[in-house]
Amino acid sequence: MLLLKLKALAAAAILAAPVSYGLAHRAPPTRNFAGPDMIELRTGTVTYKPAGDYTRADKPANAPVVAVKLAAGVTIMTHQVTRDEYLRCVDDGGCPAVDKASLPPPNRPMVGVSWQDAHAYAGWLSRKSGRRFRLPTDAEWAFAAGSRFRDEGWPDFDDADPAKRWLAQYDREAQEEVDAAPRAIGSFGGNEKGLLDVAGNVWEWTDTCFARIALDSADREVSETKNCGVRVVEGRHRTYVTDFVRDARAGGCAVGTPPANLGFRLVED
Amino acid sequence: MITRRDALVGAAVTTAVMTAVPAWAAEPELERVKVDVVAPPFVHPHEQATTQKPKIVEFRLVVQEKEIVIDEKGTKFRAMTYNGSIPGPMMVVHQGDYLELTLVNPDTNTMPHNIDFHAATGALGGAGLTLINPGEQVVLRFKATRPGVFVYHCAPGSDMTPWHVVSGMNGAVMVLPRAGLTDGHGKPLRYDRIYYVGESDFYVPRDADGKYKTYDSPGESFPDTIEMMRKLIPTHVVFEGRVGALTGKNAMTAKVGETVLIVHSQANRDTRPHLIGGHGDYVWETGKFSNAPQTDLETWFVRGGSAGAALYTFRQPGIYAYVNHNLIEAVELGATAHFKVEGKWNDDLMTQIKAPGPIPESNTQGFLTPATPGRPVN
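Protein chains in written order, with the numbering used here: chain S, 74 to 342; chain U, 22 to 399.
Computed cross-link-like contacts, DSSO-like style, restricted to lysine-lysine with a CA-CA straight-line distance of at most 27 Å:
| id | chain 1 | residue 1 | chain 2 | residue 2 |
| --- | --- | --- | --- | --- |
| 1 | S | 237 | U | 375 |
| 2 | U | 365 | S | 132 |
| 3 | U | 97 | U | 87 |
| 4 | U | 375 | S | 132 |
Keep in mind that the hints were calculated from the coordinates and are not lab data.
Take these sequences, add in the hints, and give me the full structure.
See below:
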């Protein structure tokens, strides 16, 4: 098991390694660099169904509910990284060039970013500010999202009919369809913790890798396989997206409702 | 100064003079029936087989030029439509019936329009007798002599014709055999539901930054659009006029055990429908019901300028994707629809024997590595 995790981390490192833009990282932090607006959430516990595909006794199953204690609390961006904030990273050589045609208007969240882009931005912002920014884990995101976190509350499937699960998931996601045009920051309002636009029409990348976890009938973990080439994305519903994808589309064999937009916000250590 | 609208209307007047209206034949002494059309993918109620005598079946279509949104990114498009929908409504009659259409071009429109029925005989499918300016209407009657599904489309002449067609002015007529569909060997075929899927290829001009351009009127979009069309690379390939028009809340539905007839038209460009996870039990690939249907198809070919029909009985519940199996067009350009099928899963047809998980050690020999590396088979 440990070996698997190490392998996964190594794979992630390899994937991340070639993503280096310019020599900005050699420069010392910029004096008086205006950092993003952050909210400090005190220590707390999130009780939720963690990300990943679970099986119980070889049948598709809901993830068991777990309580994750976030001892250090979470310091997280009030709003999603904006188009203009992101473009500063691009102009500075810290983030890859963007396709002008798909850029949102000013004062909108940056959308059309891959996990690799978001990861590059976190690195650039950290170097620029002399602070430590990174993407949140899925648990941190769920904690910060509060009441806006959507539990994957499928009915329990004990009759081994895979279609019921697909139909339930399809129907729920279809109810959540939303106009994809990015809206001004704050348009979707704040949650009870002060975060803006959580679960609006921009889904957010997390740092959590896709995992497949097999449980036995007593909910003990039998095996886990991780793929860090696919990351957990959170928003109106949770989904899993390949890390270099900037626009998740449905069609062909992928029959669910895809995220309308891919964006992100960062946490600070 | 001559505006674009004047120029376009002027062209129509010229054409109208050249195609003098012939004297009408005597009215056939038949019962008349009025049908209210419905927007696709739905089809107005109709008999699948009939013992009644041939009738004159009256329809009315109103041309609407309007700006529509054709994808989830909000791309705007100057559409021309029959009755406001893309494709236009399906009209169903039986072989031997007369289809009588009142075509209306309200004065809120800017251009002349007409209709060419592939199901009709003569006068360019009726196009030569139906060209009307904004503020006019026309009535055309034709005899439905051949059974099948047939495209209809606007055909005002020269480059107006392809432009109007790829702007949305196309639909389908279904002429059913009076005794209903058969397998070609005497076995009657019936359906519990019918869906009409109209596929469109759109050519939306872009600006220097690659963003889709918008226009104040169809006329203003014309020069750029024609230039895009001549390159033959669509920006969108969609069902029912919009990416996602038949997915999510608008997904088509069926139940296990139900038989569905899917009529698929493409007025301009070839396509290849495929039901992912299902089949075509009986497929009239060319759409003409006096030919025996092909059976058990995986993918069928619908030629540009035609409609095809596929009959399928769902045997397994779940979500099915119905796509143009050029998967680039299905996924990247939009040609994807979904069926939501309720019912009981059939383990005999398919079972997941072992859920995804790590590869067991015992399997890594033999399955993954050839017994004798490098040795050719035989």
